[in-house]
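> Sequence:
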Amino acid sequence: EATLDLAERRRIRSAIRELQRQELERDEETLASKRFRPERSSHRQDNKENWPQSQHLEEEQQAALAALSEQLEAITSVEELTKLLRAAGEYEERKLIRAAIRKLRAEEIEGEAPFPCSGGDALESLR
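Residues in the sequence shown are numbered from 11 upward in steps of one, following our numbering.
Certain hints may be false.
Across the chosen pairs, the derived CB separations fall in these ranges [said to hold, decoys possible]:
id, residue 1, residue 2, range
1, Lys105, Glu35, 43 to 51 Å
2, Glu68, Gln32, 43 to 51 Å
3, Glu68, Ala98, 17 to 25 Å
Note that these hints are calculated values from the structure, not bench results.
Note that the structure is a prediction, hence the values are computed from the model and not measured.
All residues carry an ideal CB built from backbone N, CA and C; glycine is no exception.
Just need the whole structure built from these sequences, with the hints factored in.
See below:
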């Protein structure tokens, strides 16, 4: 009776291993199909009904960014620009404001330079 019991246990264990192996294969196939799923060609195909509306919103956003860009040109204080940066919500707005801050800082650095560096002439005059 002990031998029959051991033989049955072996069959049960091998059946469990086979089921686990099959489950792993199914999981791997599922992952592979998700991983290599072809990308959709464009957002417009996904959302054909709302495309004209989204295009209109995009045009409005571009106009707002152009207006913001003009407004930033008039600001000459890094502190004001920093306040605007903290208040800005959209990525594109923050991007424009950061560019304006970099531009102002570069202009300040150029203004603080005692002489324009054009080659080694300026360095030789100091010696």
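> Run every hint past the structure and note whether it holds.
Hint check results:
1. Lys105 with Glu35: 43 to 51 Å: holds, 47 Å
2. Glu68 with Gln32: 43 to 51 Å: Given range 43 to 51 Å: holds, Cβ gap about 49 Å.
3. Glu68 with Ala98: 17 to 25 Å: The hinted range 17 to 25 Å holds for Glu68 and Ala98, with Cβ atoms some 18 Å apart.
Figure legend: structure checked against the earlier numbered hints; every hint is met.
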